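Protein chains in written order, with the numbering used here: chain A, -6 to 354; chain B, -6 to 354; chain C, -6 to 354; chain D, -6 to 354.
Hint data in this document are derived by calculation from the structure and do not stem from the laboratory. This one's a predicted model, so the numbers in the text were calculated from it and none came from an experiment. Certain hints may be false.
[Stated by the list, open to error] Partner residues are not named here, just some residues of chain C that face chain D (Cβ under 8 Å, in silico):
1) Tyr14
2) Trp15
3) Ala195
4) Ala198
5) Tyr207
6) Pro227
7) Lys229
8) Ser238
9) Leu330
10) Asp333
11) Ser336
12) Ile339
Quick reminder that beta carbons are idealized off the backbone N, C-alpha and C, glycines included.
4 protein chains.
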Amino acid sequence: MSATTNNSRPPIGVGVVGCGYWGPNLVRNFARQADARVVAVCDRDADRAARVAREFRVPTVVTEPAALVRDAAVDLVVIATPASNHFEIARDALLAGKHVLVMKPLTTRVDHGEELVALAERQGLMLAVDHTFVYTGAVQRMREMADAGELGDIYYVDSVRINLGLFHGDINVVWDLAPHDISIIDHVLGGRLPLEVSAVGACHAGSRTENIAYVTLRYGPELLAHVHVNWLAPAKVRRTIVGGSRRMIIYDDMEPSEKVKIYDKGVSIAPTSGADEVYRQLVSYRSGDMHAPRIDMREALDVEAEHLLECIRTGARPRADGAAGLRVVRILEAAQLSIDSGSVPITLAPAPAAGSSVVPS
Amino acid sequence: MSATTNNSRPPIGVGVVGCGYWGPNLVRNFARQADARVVAVCDRDADRAARVAREFRVPTVVTEPAALVRDAAVDLVVIATPASNHFEIARDALLAGKHVLVMKPLTTRVDHGEELVALAERQGLMLAVDHTFVYTGAVQRMREMADAGELGDIYYVDSVRINLGLFHGDINVVWDLAPHDISIIDHVLGGRLPLEVSAVGACHAGSRTENIAYVTLRYGPELLAHVHVNWLAPAKVRRTIVGGSRRMIIYDDMEPSEKVKIYDKGVSIAPTSGADEVYRQLVSYRSGDMHAPRIDMREALDVEAEHLLECIRTGARPRADGAAGLRVVRILEAAQLSIDSGSVPITLAPAPAAGSSVVPS
Amino acid sequence: MSATTNNSRPPIGVGVVGCGYWGPNLVRNFARQADARVVAVCDRDADRAARVAREFRVPTVVTEPAALVRDAAVDLVVIATPASNHFEIARDALLAGKHVLVMKPLTTRVDHGEELVALAERQGLMLAVDHTFVYTGAVQRMREMADAGELGDIYYVDSVRINLGLFHGDINVVWDLAPHDISIIDHVLGGRLPLEVSAVGACHAGSRTENIAYVTLRYGPELLAHVHVNWLAPAKVRRTIVGGSRRMIIYDDMEPSEKVKIYDKGVSIAPTSGADEVYRQLVSYRSGDMHAPRIDMREALDVEAEHLLECIRTGARPRADGAAGLRVVRILEAAQLSIDSGSVPITLAPAPAAGSSVVPS
Amino acid sequence: MSATTNNSRPPIGVGVVGCGYWGPNLVRNFARQADARVVAVCDRDADRAARVAREFRVPTVVTEPAALVRDAAVDLVVIATPASNHFEIARDALLAGKHVLVMKPLTTRVDHGEELVALAERQGLMLAVDHTFVYTGAVQRMREMADAGELGDIYYVDSVRINLGLFHGDINVVWDLAPHDISIIDHVLGGRLPLEVSAVGACHAGSRTENIAYVTLRYGPELLAHVHVNWLAPAKVRRTIVGGSRRMIIYDDMEPSEKVKIYDKGVSIAPTSGADEVYRQLVSYRSGDMHAPRIDMREALDVEAEHLLECIRTGARPRADGAAGLRVVRILEAAQLSIDSGSVPITLAPAPAAGSSVVPS
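Could you build all of it, start to finish, from the sequences and the hints given here?
Here it is as structure tokens:
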């Protein structure tokens, strides 16, 4: 949170669509930024919108997204509605010349995501996606270590996000929880698409939507990522392991203080055509110290709000931009297709503009 | 360990083939049984065999399995050699009229396993497989709860077995570690084959064998099991979650005392054709007490040795019999095939004698 | 939080003195009660008071406690100032005919506490102390088990409350943290004074106030309680163990879900005058199941606010009344005296009205 | 374990008195040393002695300590009998010209300990005490950090050793468990006596010996150590915290891998005579990284046996010598006196030869 206001520039007007579970958190975090003002909120439930407006002294309350999008005081439209509405509202906002931040997942279809990315590009507007974890100190630290080569070659990422969660009627556990894991993986790996996605899931208790699923991302012969999401688990687990040839990381978001543990462990193998006995002796293990660096514990949404306002000011590309959101949707769509077709692996077509989709660190 | 010897019957003669890592544990545990005597050990490395013989006062030491198998003093042949030798030694032992206990996996090929099962049946001899965990108090407790219906419908089993492990030159992590998880799953589910198996794995650090793998077992539209095995992880995890409609279990083998935690948690959903709002209200969560029952902490190998001797005496079928070993090999072979063919799902043919393969509780 | 307002009775007017760290939490929790209204806040720092008033729409803002105490709209004065001011403000409030809730510790001197208790009695007003933990589901559960005899004879209570905390300039770690532990112990044991108190502490880093201390409470030859408080610890620990002859409890407030674990463990000894060998055989251990009951996780301050309003309505004695607050101050004063005199044990004179000091469960 | 034998010197003959719980561990660890030979074992229970002798091929078995002490083949007498017998056997052994290793506690009386230390000095023989933890990689690392000034000024040591333990008929929990904690504290602090000791304990379940106790060691106005020992706790805790001005350590012996965690945390206070507001601002906290160094996990008894044999060869003073054993007995005796006299603090007379009691690192 910037403590001082730069008087030479007017605050950025923020309008938030959707006042359900996540919307008020966004209002609160934009409201505390020195160079922004939440000028409008929108919810189909007028009472809900009014409550949020009262709490944060938001002047304008509307029940139709279209009204908010047309509001001249709004520079940035923040979309916190159910995923199925993201595309239409975001398109209208971009067409109306507004910058846009969309909750995850960016859209529910790849073609919709492509259209939004292209539209934002044409309009010269910011399109950002709320991959919240990308703005945590923990994930930033992992990205920095990967970039600096401190992990060596990355061999795998294993991510588990399970608990006794809220069954949704219209979205399954893959679309609900896996965007967190996939966006973390995408960010740590520097923003690139896997070659292939496969997934398996199951529906329980008469539900028509998957409440447990396993998603595998194959990035190459040596690099595998795997996600376990589950709404029907007895305990809450939020843990990502990154295995590299030089170091390994366990990121446990349930730990109150030491969330990121870096292990100076690894193995090196000198391949040989000799007999078994010889072969085994060429494997050497390394098991050294563990290190838990101090992590920036600032609230991710506060970091994100400040960062996005800065991007709007400077024209810089946000840390989680439309391209990142689109990569995640490509993976989710492939995972869903794999589930629906009996978990056969789905090959991802190379992204049309892969070069421009690299996440800035 | 039986404290008293029944004088009316002579002790059962045990011969152990393979004095490497696991063999001496088997010698020690059979040696402490009142109604057994370890009469012979065998290892191609004569020194290694001699050391074990000295420590446990074993009279006969040989370097060829064939010699041990022909030894008239031997009633039970215990095979603790590398997996690729299991079939031949076990077949010879059965042909020589000996009862057989084989380390996991039973064999490295399904046809070999089928031949052993059929041969033991024809000869009227015991064929057992060392699925060690099946003999722990923890897994027994889980089986009993499942059998008694205390878990309700079982929705999923999720098993993780990872650490910085020993790379083997001749066997991958699936054949090395997953037999533990699969035999636990098989036992808890009452001994039945999944309909379909898929798996994915990766080799690292120049190794030619997979050191990380994910295996999915589909038992039906609602019941899924999943195994994560990994030799290249920074921390040791040994954890199996069983999710049921009435209760859920976390079995954490790394916990020093409370290994099995039973959660009185669940969800029930009354499906409806109404709108979303209505639908969600019909989901009801239950989040109650957690209970960690006192578990029998007796060493599994001791329980197993006593049980197998009793089976030989009475002709009863062992808790982990040849059929159980064969089911695990079927799954491993399918998993390997899935890995080798780009992780497509492999349908398992119905077992020829499914009726007889039910594990006795 | 009561969801409905009883229209037949006017809301109770609440005035809060002190808008520092804890005050706003109290304002928020009283503000959400259906049958209360926060009508005034007070802080010597006018800005701080105004900020809180704005957030919670409190009509009256004053900077002098005397002004709030005289406010006719105020029925209950909540005192959240530094401990040294508690006595004077509470006395004035009681003299002005107001009910009073004081943060812990009730006062900094026993005679002050005695005067408040007597004054409240004379005036027929409620005097309550904010022993927050007494209003948690966890501590309530422990009290209920103790009352029901489920623990058997209580042998000891061991309480640890350590972290890298805030050094206070005017109060030491005993007066700051130990009231939590002592009020928990007092509540679980049914509200009785120990016979004897001893304590030891140390000042560090040039500070003139103790930042680490150990306090021992002797309740009888068999019953001991012990408290470790520490502002200079590398990790946060909040753990109370209750050892009974039938069952033992570990209450770990840092656990996210299973805060209270009940162990069916114990020992029974049949004393004997025989030789050592015989003596030992008469000791029998019991090590059974562990049980973590579902605990009411409602915010303690919400429970407390609702309870105190009900006490005002009905004239019932609050769960943590003036007598409870006074017992804690007696112990703190004795602990301080013990520290100051080289940790000699201090005998507590029997409380003047011990009969009336029993905490209602 | 030394892998090679130095042929130029004959092995040291070791005799072990006491074949109960701990004795066989000592036999095993001395037996595996290349330059030692266990030549005799002794136990009043002839069967027990014979069993140990058989397992480790010890040639001489006696039932009287005097016989072992007189055995010309014995160079080092290892005493693993109940504590009350330590003095007499150790004295006889020293008088017979043997080196001596005594289990903890060295003796049950200070004057006995003084006599042994003086006698060993006069005879020019090694007198060592089995403070096992002093030989762990964890405690060594802590000692090295303290010596190198990496902790800054040490402010406190807090040690907890609790579980559902074995009630002894003849020794209480202070004499049984606290020697571990006190010897760790003594070693980390460089081998010096506290100025003052106080303790409190309680007996339960009809037992005549304390099964829970708290012992406080005051080393100076700023340096405090505290020990909690308890045989009647529901869970096993083995944890020592060292708080220093520069760094803090948590040594948790129950952790399977990261036993020692070093926290770069602290506080510095610039004292001031100003008002409270100013005072607080001069306190500055530091909360940095945590580091878990790789610790030597070799079995402590193996390290100890090798070290003591080396001391016998070279005449060097062992890491835990008679003086260290005596310091621990002084503290235990003072703690017992404090318990017996209502927990008044006991001042320790300065050790007669404090200069010579410094533990070599």
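Outcome of the hint check:
1. Tyr14: violated (13 Å)
2. Trp15: Interface hint status for tryptophan 15/C: violated (16 Å vs cutoff 8 Å).
3. Ala195: This hint holds: alanine 195/C lies near chain D, its Cβ roughly 5 Å from the closest one there, short of 8 Å.
4. Ala198: Status holds, d = 4 Å.
5. Tyr207: Nearest chain D Cβ about 6 Å off; hint holds.
6. Pro227: holds (4 Å)
7. Lys229: Violated, because the Cβ-Cβ distance from lysine 229/C to chain D comes to roughly 11 Å (cut-off 8 Å).
8. Ser238: holds (6 Å)
9. Leu330: Not OK, violated: leucine 330/C not within 8 Å of chain D, min 14 Å.
10. Asp333: Nearest chain D Cβ about 13 Å off; hint violated.
11. Ser336: Since the shortest Cβ distance to chain D is 5 Å, the answer is holds.
12. Ile339: Violated, because the Cβ-Cβ distance from isoleucine 339/C to chain D comes to roughly 11 Å (cut-off 8 Å).
The structure does not agree with the numbered hints 1, 2, 7, 9, 10, 12 stated previously, though it agrees with the rest.
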